[in-house]
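Use these hints to put chain B with the ligand onto chain A, whose structure you have.
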Amino acid sequence: MSQRLREHIQRTLAGGDKLFSVYITAGFPEKAATLPILQALDAAGVDFVELGIPFSDPIADGPTIQAASTRAIENGTTLPWILEQVAQFRRHSQMPIILMGYLNPVLQYGMERFCRDCQQAGVDGVILPDLPFEEAHALMPFFHAADLDNIYLIAPNTPPARIRLLAEHTTAFLYCTAYTGVTGANRAAEQQTTQFFAALREMVDVPYIIGFGIHSAEQVHRYNAVADGVVVGSAFIRFIQQQPLASIPDAVRTFVKGLTQRKH
Amino acid sequence: MSTPNRDAKSTISNFTHYPDDAGYFDEFGGQFVPEILRPALEELQAAFSKLKQDDAFNRTLREELTHYVGRPTPLYFAANLTRHFGRARIYLKREDLAHTGAHKINNTIGQILLARAMGKRRIIAETGAGQHGVATATVAAKYGLECTIYMGEEDMERQYPNVQRMRMLGATVVGVTSGTRTLKDATNEALRDWLTNVDTTHYIIGSVVGPHPFPALVRHFQKIIGEEAREQIQHQAGKLPDYLVACVGGGSNAIGLFYPFLNDDVQMIGVEAGGIGTGPLQHAATLTYGRPGVFHGMRTYLLQTADGQVQLPYSISAGLDYPGVGPEHSLLKKSGRVQYLAVSDAEALDAAFLLTRLEGIIPALESAHALAYLPKLLPHTTEAEIVIVNLSGRGDKDMQTYIQHMEKEQQNK
Ligand SMILES: Cc1ncc(COP(=O)(O)O)c(C=O)c1O
Chain A
16 MSQRLREHIQ RTLAGGDKLF SVYITAGFPE KAATLPILQA LDAAGVDFVE LGIPFSDPIA
76 DGPTIQAAST RAIENGTTLP WILEQVAQFR RHSQMPIILM GYLNPVLQYG MERFCRDCQQ
136 AGVDGVILPD LPFEEAHALM PFFHAADLDN IYLIAPNTPP ARIRLLAEHT TAFLYCTAYT
196 GVTGANRAAE QQTTQFFAAL REMVDVPYII GFGIHSAEQV HRYNAVADGV VVGSAFIRFI
256 QQQPLASIPD AVRTFVKGLT QRKH
Chain B
1175 MSTPNRDAKS TISNFTHYPD DAGYFDEFGG QFVPEILRPA LEELQAAFSK LKQDDAFNRT
1235 LREELTHYVG RPTPLYFAAN LTRHFGRARI YLKREDLAHT GAHKINNTIG QILLARAMGK
1295 RRIIAETGAG QHGVATATVA AKYGLECTIY MGEEDMERQY PNVQRMRMLG ATVVGVTSGT
1355 RTLKDATNEA LRDWLTNVDT THYIIGSVVG PHPFPALVRH FQKIIGEEAR EQIQHQAGKL
1415 PDYLVACVGG GSNAIGLFYP FLNDDVQMIG VEAGGIGTGP LQHAATLTYG RPGVFHGMRT
1475 YLLQTADGQV QLPYSISAGL DYPGVGPEHS LLKKSGRVQY LAVSDAEALD AAFLLTRLEG
1535 IIPALESAHA LAYLPKLLPH TTEAEIVIVN LSGRGDKDMQ TYIQHMEKEQ QNK
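So the protein sequences, as listed, match chains A and B. Numbering-wise, the first sequence is residues 16 to 279 according to the working numbering. Numbering-wise, the second sequence is residues 1175 to 1587 according to the working numbering.
Bound-form chain A, shown alone (with noise of 0.2 Å):
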């Protein structure tokens, strides 16, 4: 378990704060706003970045980070390069980086070679929606050993019992997509979710946060409310786009501030 990431989130919420994280896919809008981006968010008092390696075929993302995985491909993102940039990143910065994305890549490169160049750049944990437990429960000695946090998905369709599993075996916390579908619905926060995510609190007793389609202050006070914090992908993608390399500091300090007023 990565102590960087377990730190922070102790130290955040026992000072009564939530957690408040951003997705970013490597590579895109393109390689050279990488670094600052991943500067701009610490910056920006970000908590933690989930750091996409893109892939050819994310059957879990909707249209818009299937499209900055695409655009990140054809900019070469691979992920050594990925590795790079957080090794650059860690020269200064403390905030933690957990990388998100498909297993192929991952396998590919070599499970233990992974773990092993992610601890040496400085990457605090990943996730990989489509290692299920089942498949990553003979990969834990490989975590281990690099410090690395593995974390879990749940859905408001996961059963109480492998809830209590998954929560069991996640390290550092539990991620909850905030509807069964795919990243960046548009979709508000439901009653009947929020009703869910309430009770997990009786439930498990690791942080959770909750991501998938967040992309306004009102939804991330109504899911602060019932959970630890929260991560913003697709919204946040939308917005980066736009923005001319040079202007980066300034544009994600206004967008994170836009979305909560916790942190400037």
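Incorrect hints may appear among the rest.
What the hints assert, rightly or not - Partial list, derived from the structure: chain A residues whose beta carbon lies under 7 Å from chain B:
no.	residue
1	Ile74
2	Leu118
3	Gln123
4	Asp145
5	Leu168
6	Asn172
7	Gly196
8	Val197
Everything labelled a hint here was simulated from the structure, so no lab data went into it. The beta-carbon is built from N, C-alpha and C at its ideal position, and this holds for glycine as well.
Same frame as chain A, now just chain B with the ligand:
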């Protein structure tokens, strides 16, 4: 080109007891899906395990297969084709004569009965050649379920008659514009729809691919091809065949024919789409040129870059234009039980015209790939031997491609 090696031995003595409980065909298969789909896969597994042993379910399925699908399909002795090569006797398993014109309906009729038993109101499917889309729209019409078919825009153009058939059958055909605009992207879209509407919707996947239990379930409904062929050949020729030949896209018609013979002394050849060359983007020959990876919920052979990005397949045949393959085929390849190889677009076209002119049967372009292996196989056979080719579908949907080919030939004369 060498003939399949009869001595190719593997350590596996029983090939028919896969997959295991976790959905693995040895190291291939599994269930690599987002958590959201898990409840649906578990529900499907439970329903399938129960219903495949249920007398009433099996009776209904059998009646539908007999009176609606038109089974058993003939095992036809192709006397003219046999004479043409002058060696082993060639039999064709006539899946082209099944209702809607391909083997795909064996699977869709079985799955719609499952969907109904699970109380699903809505059916989705992906399609490449449109045969699976038509077969799905057909059973959805018959059983009165709402139906949406995802089809790559490139394939909609290539197989337009099938788009019209699906629409006439009442299905909504959604053109897929992402990626290559072919079968792989249609499958991605179908999976995304399923992730979103998982409570109400059953996904009738079109081949022996995807996460467990799909490869086992689709095989269950397609193995009737081989079961019938086994009985028919023993009745007609008094012995088992020496060779089975089938085309492999996802691999459902091939598994359907092969599975009931896997533990017999019968050689099997799976024919992939060799397209226009052996380089990247020139073919769809996953088992011939790919290497293992994880894609569409399964660990299997995959066409991919060194970085693990899925590579764009190419084939003249929309139904074979897929960068993955069923996990059971990956096992059968790795163990050496089945030989896989590729034939080119041009060889497939020649084979389609040869069959049409000699036997009066216009085959689907997919099936033509299986036929295209005959000129390579037959010289190594004897007159005492028997070859069964799976004629997985008929060629009506490919007329545009065939007409273009004829016009080109005419010009070249
Ligand atoms: C006639 C026909 N044969 C074969 C195939 C390939 O599928 P599979 O390999 O699953 O049999 C298709 C797919 O569309 C088809 O339409």
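Now the hints, each set against the structure:
1. With a least beta-carbon distance of about 5 Å to chain B, the hint placing Ile74 of chain A at the interface is held under the 7 Å criterion.
2. Taken as an interface hint, Leu118 of chain A checks out: its beta carbon lies about 5 Å from the nearest beta carbon of chain B, inside 7 Å.
3. The interface hint given for Gln123 of chain A holds, since its Cβ lies 3 Å from the closest Cβ of chain B, which is under the 7 Å cut-off.
4. Annotation: interface hint on Asp145 of chain A holds; nearest CB of chain B at approximately 5 Å, less than 7 Å.
5. The interface hint given for Leu168 of chain A holds, since its Cβ lies 5 Å from the closest Cβ of chain B, which is under the 7 Å cut-off.
6. Hint status for Asn172 of chain A relative to chain B: holds, with the closest Cβ pair at about 6 Å, below 7 Å.
7. Annotation: interface hint on Gly196 of chain A holds; nearest CB of chain B at approximately 4 Å, less than 7 Å.
8. A cut of 7 Å between beta carbons decides the hint on Val197 of chain A: the least distance to chain B is about 5 Å, and the hint holds.
When the structure is compared with the earlier hints, no violation turns up for any of them.
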